[in-house]
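So the sequence shown is numbered by this note's numbering: it starts at 1 and just counts up by one.
Treat the hints loosely; a few may be bogus.
As the list claims (entries may be wrong) - Here are the in silico distance ranges between beta carbons for each label pair:
1) 304 x 232: 38 to 48 Å
2) 134 x 39: 38 to 48 Å
3) 149 x 496: 16 to 26 Å
4) 502 x 570: 24 to 34 Å
5) 529 x 299: 22 to 32 Å
6) 506 x 425: 42 to 52 Å
7) 276 x 39: 19 to 29 Å
8) 117 x 442: 39 to 49 Å
Stated by the list, open to error - With a Cα cut of at most 25 Å, we get these calculated SDA-like pairs of lysine to any residue:
9) 482 x 332
10) 482 x 540
11) 445 x 482
12) 473 x 568
13) 571 x 435
14) 571 x 447
15) 330 x 436
16) 390 x 229
17) 320 x 304
18) 169 x 144
19) 292 x 548
20) 320 x 392
21) 571 x 524
22) 482 x 471
For the record, the hints were derived by calculation from the structure and aren't laboratory data. Ideal placement from N, C-alpha and C gives every residue a C-beta, glycine not left out.
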Amino acid sequence: MSKSRLMTAPRIFLENAKKMAEKPRFQIKDSQGNWKPILWSEYAEKVEQTALWLRSVGVGLNQKVSIFSGTRVEWAYAGIATQCARGVLVPIYHSNTPPQTQYVLEHSDSIVCFTESVFLDHFQKFWDQIPNVKFIVVLDWEDVSQLNHAQFPNHGVDKQILAYGDVLKAGARLHDENNQAFELLVEEAEDEDPCSIIYTSGTTGMPKGVVLSNYNVVKNGEDWISVLGSLIPETRVDLLWLPLSHIFGWGEIGLGNSLGFETYFTNPKDVLPLLQSIKPTVFMSVPAYWEKLFLQAINSSSIETEQIEKLMEVTGGRLKFCLSGGAGLKKEVKDFYFKAGILLVEGYGLTEASPTITMNRPDDFNFESVGKPFPSVEVKLGEDGEILAKGPNIFVGYYKNPEATKDTMTEDGWLKTGDLGEWTSDGFLKIIGRKKDIIVTAGGKNISPQLIEAQFLDNQLIEHIVLYGNEHKYLVAMITLKQHETQKFAKQAGISTSNHSELCTEKAILDFVQKSLEQINQGLASYETIKKFFILPESLSIEKEFITPSLKIKRNVIHKAFREQFEALYK
Numbered sequence: 001m002s003k004s005r006l007m008t009a010p011r012i013f014l015e016n017a018k019k020m021a022e023k024p025r026f027q028i029k030d031s032q033g034n035w036k037p038i039l040w041s042e043y044a045e046k047v048e049q050t051a052l053w054l055r056s057v058g059v060g061l062n063q064k065v066s067i068f069s070g071t072r073v074e075w076a077y078a079g080i081a082t083q084c085a086r087g088v089l090v091p092i093y094h095s096n097t098p099p100q101t102q103y104v105l106e107h108s109d110s111i112v113c114f115t116e117s118v119f120l121d122h123f124q125k126f127w128d129q130i131p132n133v134k135f136i137v138v139l140d141w142e143d144v145s146q147l148n149h150a151q152f153p154n155h156g157v158d159k160q161i162l163a164y165g166d167v168l169k170a171g172a173r174l175h176d177e178n179n180q181a182f183e184l185l186v187e188e189a190e191d192e193d194p195c196s197i198i199y200t201s202g203t204t205g206m207p208k209g210v211v212l213s214n215y216n217v218v219k220n221g222e223d224w225i226s227v228l229g230s231l232i233p234e235t236r237v238d239l240l241w242l243p244l245s246h247i248f249g250w251g252e253i254g255l256g257n258s259l260g261f262e263t264y265f266t267n268p269k270d271v272l273p274l275l276q277s278i279k280p281t282v283f284m285s286v287p288a289y290w291e292k293l294f295l296q297a298i299n300s301s302s303i304e305t306e307q308i309e310k311l312m313e314v315t316g317g318r319l320k321f322c323l324s325g326g327a328g329l330k331k332e333v334k335d336f337y338f339k340a341g342i343l344l345v346e347g348y349g350l351t352e353a354s355p356t357i358t359m360n361r362p363d364d365f366n367f368e369s370v371g372k373p374f375p376s377v378e379v380k381l382g383e384d385g386e387i388l389a390k391g392p393n394i395f396v397g398y399y400k401n402p403e404a405t406k407d408t409m410t411e412d413g414w415l416k417t418g419d420l421g422e423w424t425s426d427g428f429l430k431i432i433g434r435k436k437d438i439i440v441t442a443g444g445k446n447i448s449p450q451l452i453e454a455q456f457l458d459n460q461l462i463e464h465i466v467l468y469g470n471e472h473k474y475l476v477a478m479i480t481l482k483q484h485e486t487q488k489f490a491k492q493a494g495i496s497t498s499n500h501s502e503l504c505t506e507k508a509i510l511d512f513v514q515k516s517l518e519q520i521n522q523g524l525a526s527y528e529t530i531k532k533f534f535i536l537p538e539s540l541s542i543e544k545e546f547i548t549p550s551l552k553i554k555r556n557v558i559h560k561a562f563r564e565q566f567e568a569l570y571k
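Use the sequences and the hints to build the structure in full.
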């Protein structure tokens, strides 16, 4: 196959839709709460109708289409349809604030935005600031009869609000006019075409738009399948709850399109109970959910065989293809799953790498590492220990930001990841911290705060811990507490108040936190130990911009906002 005939994601989708037309691709809940199958044929029809409508309103090569919505099946339709129309998909986190949403819509030059009715009030706030957006399509509307015209007096003047149901009808009419048009569209795509701009929720400054090409994404997908192929079961039942605006969630849809998953759509609240009834063979999740299942199992009994039986019960007993991503997972958790016959696969990557750089293999893994480089990816460490990567998966650049693109690449074409790593003697990569987050103490010691903070992940009460100590003699910390767990603890300790701010000053709770710190300190070098702390009586929120939409802490923002409290601990 010549390079210009790469099997792009739309071509793979279309080929499989023809092969598996009468098989279910998705399962969604109907209005009565019953599972309703969506066949590949119906999926293909909806995608075709959406893609034909998109092309009719001007979407083609280099034209941007945003999706600002929670995880729902229509997201999957609109996402692949955008790429079938040769447009550029721009996912927007549904947890974004109105200014963040406005920034992405404006900066990306999107001409169409798919959204949900619940988010229409966002658009009211910045309607006049996004002149580039010509169509806002409401995914959960059959028609526009629900539109409040008083809320949008300029609707139809410079931009239109449309119902997705009407978009599908328009696409159906276009199909009737030319039933070959869709396949011709899909065939237009070339390897170097941009297919996505993903705005990374940076921990400093405004988000940057990562431009990925068809070639980037497909080559990384090929590596995934070659490395993890032996784990892919014959029965491919997938339970999806991840946000599709994140490359991990959208990658799950892409993998399902390639491998023929039957994907059940759900939400973060229902996902764990559904494991038992759906009994998936495929499950991709962030560490928090794997840890919850682990804790359910080990807290059920003191006998290991009974704990394993419990794990099989709560996971449905059929898991084969299990991925954990987004953050590191504790070794003891991975060890326990492995004893139960479940290999939890972890890798390492970032959006700029489409996204994966390294992966543990079914036949070659080390639970204290993030695996070995993908077949088509080269990895090396810079002089300062920074992880550098090169390969067909490395992004095109940052959209409209050549300076940032230049800053993140070496002169000879290696991606600077910003992460610090080290190799094991047998070639596995270990992550030891973020280059920019390194704390340099007054004594000249370099400390990676993430490695220490990660040790509090499964603490009963501590929700977040943020270390501080640049140019100081010792480390201090800001701590936030889990509200529900803290109230439960207080009740058991006989504390009368349930007010969270008051609980944060209660002696029994302060003593518990102090003991937690002392336990972790015992395993640290003396210069790494946390000497003092203060408790913030509120959670770190996305709205206040203390954490990113992907739940990473914005260290510099927190240090600046609470500088006085941190510095007071040194007096």
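Here's how the hints hold up against the structure:
A C-beta distance of roughly 29 Å is found between residue 304 and residue 232, which places it outside the suggested range of 38 to 48 Å. Against the hinted window of 38 to 48 Å, the Cβ-Cβ separation of residue 134 and residue 39 comes to about 33 Å, which falls outside the hint. The supplied range of 16 to 26 Å is broken by residue 149 and residue 496, whose beta-carbon atoms lie about 53 Å from each other. Remark: the range hint 24 to 34 Å for residue 502 to residue 570 is upheld by a beta-carbon distance near 27 Å.
At roughly 30 Å, the beta-carbon separation of residue 529 and residue 299 lies within the given 22 to 32 Å, and the hint holds. Hint check: residue 506 to residue 425, Cβ distance near 49 Å, so the stated range 42 to 52 Å holds. Between residue 276 and residue 39 the beta carbon distance is about 26 Å. The supplied range of 19 to 29 Å therefore holds. For the pair residue 117 and residue 442, the supplied restraint of 39 to 49 Å is violated, since their beta-carbon distance comes to about 55 Å.
Proximity of residue 482 to residue 332 is assessed by CA-CA distance (about 23 Å); at most 25 Å being required, the pair is judged to hold. For the proposed pair residue 482 and residue 540, the alpha carbon gap of about 11 Å is at most 25 Å, so the pair holds. Taking the CA atoms of residue 445 and residue 482, the gap is near 32 Å; set against the 25 Å cutoff, the hint is violated. The straight-line distance between the Cα atoms of residue 473 and residue 568 is roughly 14 Å, inside the 25 Å bound, and the hint therefore holds.
Annotation: proposed proximity of residue 571 to residue 435 is violated, straight-line Cα distance about 29 Å (limit 25 Å). For the hint linking residue 571 to residue 447, the alpha-carbon distance of about 22 Å falls within 25 Å, and the restraint holds. With a CA separation close to 23 Å, the supplied pair residue 330 and residue 436 stays within the 25 Å bound. Only pairs whose Cα atoms come within 25 Å are accepted, and residue 390 paired with residue 229 is accepted, the gap being roughly 23 Å.
Taking the CA atoms of residue 320 and residue 304, the gap is about 21 Å. The hint holds against a cut of 25 Å. For the hint pairing residue 169 with residue 144, the CA-to-CA distance comes to about 13 Å; that is within 25 Å, so the pair holds. Restraint check for residue 292 and residue 548: the C-alpha separation of about 22 Å stays at or below 25 Å, so the hint holds. At roughly 29 Å between alpha-carbon atoms, residue 320 and residue 392 are farther apart than 25 Å, so this suggested pair is violated.
For the proposed pair residue 571 and residue 524, the alpha carbon gap of about 24 Å is at most 25 Å, so the pair holds. The suggested pairing of residue 482 with residue 471 is violated, with an alpha-carbon distance near 30 Å, which exceeds 25 Å.
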